[in-house]
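**Q** Sequence:
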Amino acid sequence: MKKLNIGLIGFGSMGKVHAYCVDNLKYYYSPLDFDAKIYGVCTTTEKKSAAVAREYGFSVATTDEDVLINDPNIDVIDICTPNIYHYETLKKAIAAKKHVYCEKPLCVTSDEANEIARLAKDSGLICNVVFNNRFLAPFLRAKQIIDDGKLGRILSFSAEYLHNSCTDIKRPAGWKQDRNICGGGVLFDLGSHVLDLVYFLCGEFESVNGCSQIAFKTRAGADGSEWQTNADEAFYLTATLKCGAMGTVSVSKLAVGSNDDLNLCIYGEKGSIKFNMMQPNFLYFYDGTSRSGALGGNAGYTAIECVGRYPTPGGLFPAPKSPSSWLRGHVGSMYEFLSSVSTGIPHSPDFSDAAHVQAVMEAAYRSDKERREIKI
Numbered sequence: 369m370k371k372l373n374i375g376l377i378g379f380g381s382m383g384k385v386h387a388y389c390v391d392n393l394k395y396y397y398s399p400l401d402f403d404a405k406i407y408g409v410c411t412t413t414e415k416k417s418a419a420v421a422r423e424y425g426f427s428v429a430t431t432d433e434d435v436l437i438n439d440p441n442i443d444v445i446d447i448c449t450p451n452i453y454h455y456e457t458l459k460k461a462i463a464a465k466k467h468v469y470c471e472k473p474l475c476v477t478s479d480e481a482n483e484i485a486r487l488a489k490d491s492g493l494i495c496n497v498v499f500n501n502r503f504l505a506p507f508l509r510a511k512q513i514i515d516d517g518k519l520g521r522i523l524s525f526s527a528e529y530l531h532n533s534c535t536d537i538k539r540p541a542g543w544k545q546d547r548n549i550c551g552g553g554v555l556f557d558l559g560s561h562v563l564d565l566v567y568f569l570c571g572e573f574e575s576v577n578g579c580s581q582i583a584f585k586t587r588a589g590a591d592g593s594e595w596q597t598n599a600d601e602a603f604y605l606t607a608t609l610k611c612g613a614m615g616t617v618s619v620s621k622l623a624v625g626s627n628d629d630l631n632l633c634i635y636g637e638k639g640s641i642k643f644n645m646m647q648p649n650f651l652y653f654y655d656g657t658s659r660s661g662a663l664g665g666n667a668g669y670t671a672i673e674c675v676g677r678y679p680t681p682g683g684l685f686p687a688p689k690s691p692s693s694w695l696r697g698h699v700g701s702m703y704e705f706l707s708s709v710s711t712g713i714p715h716s717p718d719f720s721d722a723a724h725v726q727a728v729m730e731a732a733y734r735s736d737k738e739r740r741e742i743k744i
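445 is the number that our numbering gives to position 77 of the sequence shown; each next residue is one higher, with no gaps.
For the record, the hints were derived by calculation from the structure and aren't laboratory data. Just so you know, not all the hints are guaranteed correct.
Computed beta-carbon distance windows for the label pairs [said to hold, decoys possible]:
| no. | residue 1 | residue 2 | range |
| --- | --- | --- | --- |
| 1 | Ala583 | Pro714 | 36 to 44 Å |
| 2 | Arg740 | His715 | 46 to 54 Å |
| 3 | Lys415 | Gly592 | 18 to 26 Å |
| 4 | Arg734 | Thr413 | 56 to 64 Å |
| 5 | Asn627 | Asp432 | 20 to 28 Å |
| 6 | Gly625 | Ile452 | 28 to 36 Å |
| 7 | Ile452 | Ala667 | 49 to 57 Å |
| 8 | Lys415 | Ser693 | 29 to 37 Å |
List of simulated lysine-lysine pairs, DSS-like, C-alpha gap at most 25 Å [as the list claims (entries may be wrong)]:
| no. | residue 1 | residue 2 |
| --- | --- | --- |
| 9 | Lys518 | Lys371 |
| 10 | Lys610 | Lys585 |
| 11 | Lys384 | Lys371 |
| 12 | Lys518 | Lys638 |
| 13 | Lys384 | Lys518 |
We treat Cβ as the ideally placed atom computed from N, Cα and C, and that holds for glycine.
Let's have the full structure, built from the sequences with the hints guiding it.
**A** And the structure:
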């Protein structure tokens, strides 16, 4: 069995999620053809790194990412740092011949993302970005339905990702609300996920027309003092895809009453699908070829019970009938990445996919600034 040692850079909320996924793969996927573990961790302070390594059983604790990147015992670098730091870390990790797993968005500019995608491709390494929602069972089933032609030609779509985290102006702003650290605003944070799902299911973007919103220009900063908001709190765009489909994408942290509301609808010539993250166990499919009749016949949306029915070797834990959750997508994403590292066979979403999403977001920001449609 191939052993894979991982160097984890950053141990905030996502670092913990990644560590959880690595530790628990053996329960969700059996048998595994690799043995992966977090070998070392890098955080911002020696005290935190030492405490994390001690609590979670990591062999190396450091505040210098180069220690992990250049460690010959480490095979994979896992990047969970704020967006503005990705580019330099990615370059060093690829140069050191490490496979890379990087949180989204890949970088903060399209030029940086394209450069990193080229370096990754030329290196022959396995380099994936964390678009974890692709690996929720309903989206895997949606991909099957679309690829089987059951929707026919895609005509339109609507997608939204809503949070309420910017509605309390007294709550200190986090780094994802600070453009100087995040590189963008809600479009980078939530929008990257939605744009990737549209890309994954419907194909490449051709053009976008975007508009940003800052509802609370003044709010509490990270230190609690008054701060001028510098990153979009909501973003709205219309898009045309290369396949000819058109649709809307709305992402917002201004949605009072929302938790993690990711909603996606795709409409084709022959049918449609709907998904709601707050009901993550079902995909709704409308077969337009089913005839209506007395009392409706067989026409209407079908609720497909995706739950924990993942393909082999998944779906064994906790059980195929067990309800799924947001975390399950991260477990699936980590499994696909490490399986690719183990076998040497590339798997999406890779850095070229991430670069396309980056280009869409950059075009959307440019559209917002110039008030016109922008080609990708």
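**Q** Take the hints in turn and mark each one as holding or not.
**A** Quick rundown of the hints versus the structure:
A hinted range of 36 to 44 Å for the beta carbons of Ala583 and Pro714 is consistent with their spacing of about 42 Å. In this structure the supplied range 46 to 54 Å is violated for Arg740 paired with His715, their Cβ-Cβ distance being about 37 Å. Checked against the given bound of 18 to 26 Å, the beta carbons of Lys415 and Gly592, roughly 23 Å apart, stay inside it. Checked against the hint of 56 to 64 Å, the pair Arg734 and Thr413 fails, with Cβ atoms roughly 38 Å apart.
Look at Asn627 against Asp432: about 37 Å separates their beta carbons, and that is not inside 20 to 28 Å. The hinted window of 28 to 36 Å between Gly625 and Ile452 holds, with their beta carbons roughly 32 Å apart. The given range of 49 to 57 Å is respected by Ile452 and Ala667, whose C-beta atoms sit roughly 51 Å from each other. Here the CB-CB span from Lys415 to Ser693 is close to 32 Å, well matched to the stated 29 to 37 Å.
Restraint check: the Cα-Cα separation between Lys518 and Lys371 comes to about 41 Å, which exceeds 25 Å; the hinted pair is violated. Proposed proximity of Lys610 and Lys585 is contradicted: the alpha carbons are some 36 Å apart, above 25 Å. Proximity of Lys384 to Lys371 is assessed by CA-CA distance (about 21 Å); at most 25 Å being required, the pair is judged to hold. At most 25 Å may separate the alpha-carbon atoms for a hinted pair to count; Lys518 and Lys638 meet this at roughly 6 Å.
Proposed proximity of Lys384 and Lys518 is contradicted: the alpha carbons are some 39 Å apart, above 25 Å.
Hint compliance for this structure: hints 2, 4, 5, 9, 10 and 13 are not met, and every other hint is.
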